[in-house]
Every structure is written in C-alpha cells, then in structure tokens.
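Same order as they appear, the protein sequences are chains A and B. Going by my numbering, 273 is the number at position 273 of the first sequence; the sequence numbering is gapless. Going by my numbering, 72 is the number at position 72 of the second sequence; the sequence numbering is gapless.
Think of the hints as simulated: they come from the structure by calculation, not from any bench. Please note that a few of the clues may not be correct.
What the hints assert, rightly or not - Computed beta-carbon distance windows for the label pairs:
#1 A/Gly60 with B/Lys112: 19 to 29 Å
#2 B/Lys113 with A/Glu73: 27 to 37 Å
#3 A/Cys4 with B/Thr53: 30 to 40 Å
#4 B/Asp45 with A/Gln25: 23 to 33 Å
#5 A/Pro65 with B/Thr83: 29 to 39 Å
#6 B/Leu109 with A/Gln282: 48 to 58 Å
#7 B/Pro149 with A/Ala36: 18 to 28 Å
#8 B/Lys112 with A/Asn322: 24 to 34 Å
#9 A/Gly90 with B/Arg111: 16 to 26 Å
#10 B/Leu109 with A/Arg45: 26 to 36 Å
#11 B/Glu89 with A/Glu73: 20 to 30 Å
#12 B/Asp87 with A/Ser35: 48 to 58 Å
#13 B/Leu109 with A/Ala103: 53 to 63 Å
#14 B/Arg111 with A/Cys4: 33 to 43 Å
For each residue, glycine too, the CB sits at the ideal point set by N, CA and C.
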Amino acid sequence: MTACNQAEVLAGAIALGEATDAERQAYRGHVATCSACLRANGGEREIERTMACVGAARDGETWDPDLAAGVRERMNGRKRLWRTGLTVAGACIAASLLLNFAAVTGLVKIAPSFADPLVLKYNGTSITLEHRSTASLPQPTSAPRMIVEHNIVTLTRQPASASARVARVSTSSASVIPNQPPVTRDVGIKPSATVASAPVTNFGSTPVWRRNTGSGGGGGTVSQALGVQTPSLDRQTQSIVVAPAYTVRAPAPIGGETALTPQPAPIAYAQNASGTSVFEVQIDERGNPTKCAITKSSGFLSLDDAVCRAAMKTHYSPKLVNGRPVPGSYTDAFTFRSNGSGEGV
Amino acid sequence: MPSENNPEDGHGTVSDRVGIEKGGPRMEQVYLIAGGAAIAQARVDTLVREYQTKLVRYVRRMVGDADIALDISQDVFLAAFRTLQADPERPLTAGWLYKTATNNSISHLRRKKIVRMLPLDREHETYAWRIDERSASSVDLQAAMKQLPSDQASAIMLTSYAGYSSQEAAAILGTTADAVRQRVCRAMRTLRSVMTE
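Based on the provided sequences and hints, a complete structural model is requested.
Quick look at the structure:
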C-alpha cells in the first residue's frame, strides 16, 4: 500500500472519528509533505467539517414510515399463496393419477388420434412427410395400447407450365436447377439475338403441395421435368400449404451475354491457345461483380485471365428474390479456338 | 464385544445416536413445526418495530427515492420472515437487515442504470424528500450520493449515517475495515467537492 493510499485510510478513520492520536499524527505528517493528498482530502478540520454535513442531514430527517401493516399483509399473503398453490398442485396430481388408473384398467378408452405430419426432408422440389396414422391398424383386443405406424409420404410441388420455364433457367447457380452444363460459345461468332431478360422462375401465388401419385398426372411436374424419381404411395389426394409464394430472377449481364468480351493477351495468339474456360462471378445486390473464379480452366492462363477480367468489367442485373435484390452468382463459359495464324508472332 | 442394542455401552442404537424418533415424531416437534410461521411472524414484527425507520431512511439515501425505499425495506423484512420461517431459532441481527438492504439497493441501482436509458425514468427528487428535510446539508449529501459508486455509498452510509464502526460495516459489506475507511475517505472527497462547488 502506497503512502497516499495509507493516508486515505487514515483520513477515513479521522472522518469516522475512529482515529487514534498516533493516526492523526501520521496523517498530519503525510499531508505536510504531500500537497496532492492535502488538496484532495483536506486537513483534519476540513474532513470533520465535511462529515458533519452527513450527521446534520441524518439528524434533520423526520420521515417515519410505518411498514408493519404492509409487511404483515405480505407475510399473510405469502402464506395464502402457498396454501393455494399446494391445493392446486394436489388437485392436479390427484386428477392425473385418477385418469391414469382409469386408462390402465380400461374404464376410459383413449382414442388414437391423427398427429400432424412431420416434415422429414425438403430439397427444394419435393417434400417428404412422415405421416403418423393409426387408421389401418387392427383394433385393440384387450387393453388399449398406442401403436404408431410410420408411413413415408412424398409430396411434390406442381407449378404451372414449369417445364417451359425450367429450360430458361440455364446458366445461373441461383436457379433451382442444379448441375446444368455450361453454355459454350465461340468468341468469333456473335449471337444475333440479345438476351436481355433474365430467366424468371415463378411458382404461382398459391403454392399447393400435392401428393405425387406416380401415375403421370400431366407430366408437367418439376420432378418429372428434372427426371427426379420420388417414391410415392397410392393414397387419396391431400393438399397442404407449406411455403409462401416466391419468385427468383437469376442474375444476368446487362446487355446480354454478348456484353462480355474477353480480350486475350497477345501471348495467347502466339501460343495458339484454345480451350474452354468456365467462370463463376459473384454479384452483389447492386449488380456489381465482387469476385470471379475459374471453375474449369482452358489450360492457358492468358485465356482464363482475359475471361475473368471481362467478367469483372461487366455490370449485371442482380439476383431478385420476390423482387428484392440479393447477392448471387453468374456462371458462363467461353470457348476459344485458334486458327493457327498467330504462330510466329 | 459391545452390542448395538445394548444401552449400557454408552453408544446406544444408531437411531438413538442420530436422534431419530421411534414411532413417529414427538408431539412437541409437531407443535413447533406448526407454530414456526407464527414465531417467525412475531420476531419479524419486533424487528420491524425496532429498525424500520433507520432502515427505510438508509435505503432512501442509497436509492434516492422514498417509494422504492419502502418497497426495498418491505422486501428485506419479508426475506427475514422467510429465513425465520425456515429456522425460527436463527439469530437475526440488525447487521443482517442492513446487509440485505444494501444488496437490494445495489441491485436496484444496477437495474436503474439500464432503465435510465429509456425515457420513462421519472424524476425522483421532487417527492423523495419532505420539505422540512430539504436542508443544505441534506441536499449536499444527496447530490454527492448520486455521484458515488455503490460501494462508497454503502460504506459512508453504514458508518457515518447508520452509526456502525468501520469494523462492523466491514463485516456487513464483506470486506476489511481499512477498505471501508478508504471508501469513506473517497466518498468524503466527493462530498467535499460538491459542497465547495
């Protein structure tokens, strides 16, 4: 403990009137040499004068509240509450025991009931429900026992004209169609048509999930369009609403695919470089490219570099989910062919 | 070899040694349990009569509000009642009451710090003090109390306001006497700066 801390303790003792003569002497000795402590705490007289303020405030108080009635009321209230709680708990336990006894002895038959379907799996196109049913069970013979049969039921979404729209969702990873092969095109051949409108996947305003009967049913389901085999059970049709409607518009370069014009470095011509480089560019919610990655290299750094530079220079329309822009990604590919004229450059 | 059931070997049976009664509880014990709440209530009534004024004034200085001081003091006496209900023979001193009151006040001040960020905080000072209590020293003391951390506030209140020595206050606050004196000194410093403003 430093000398100034010790002086604080001594000043406290003086303030409380507990200081001995030796302690008072020690404090006087300290403040005679330590002006900081003298300024902060003051001398003995000042300490006592300050503390007299506390005594004066205490002596001047006249407030004399009566707590007895309130405390007694709360003590009795607590007891009443305790008694009431005990009574209610006892009644609940007795009722529960009585019901259990009646159920076990067969006085009361507990009817089996349908539980809500339990969602097991949801992969974007189909939903698998675990349906607990007791309808097909044999009736209990003696004491009723609860037996639950687990039926796995697969429900598949049926959007309107889905197959036509699926074909439009081609190159973007933001669509619901995974693993679509990338579209390749030659740099030298400019497509005449400009694809300005981004593909839109609309699943309708009232999404209805229907049990997939597995017997055709129009052939327009997403699962059939994708060739996804989903198991099904031959039961009656059942419809439930599971998700709100949503629309997804994939990101696309503004000005169409031709807006991307890779300019390979001269070294590419010298090397007679050819190949296909597939790239994926991340697009933020404003449509600006943030990151480009070559997912499949052409084998030539100059070509890959040119592709990514072109992708990062282009502006995109962002991915829209329910009309709200969100970050997404755009995937495309460029195929370069060399005619051998660059040799010797 | 001493038999377990032989009362003359000085040990007696196991149930005798640990005080287990054979054939159910004695009638006196039954009466004691039934009358525990009544005994606790009587003792709390005595405590309330003896300490309510000092305790409420102390808590009012700590929290700066008369209504909250009444609530906190009632809680303190109710806590005493519950403690005595569990053990009617337990000695409850005024130090226990002050300790509980200090802890409750500090808890309230901590909560108040959070609530103060909301605009619903009402102005306590207007009705916390009676007109005849609004002396210069009282106002100075309360102005200083508002600036003090809770450990310094409880130290100076327990000693120079409630009248405990630094040793007793240290026992209540769970610290040392020197620490209490140091806190009193620092609280006094704040009070002095308020008075000289």
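Could you tell me which of the numbered hints above are not met by this structure, giving the numbers in increasing order? Of the numbered hints given earlier, those the structure breaks are 4, 5, 8, 9, listed in rising order.
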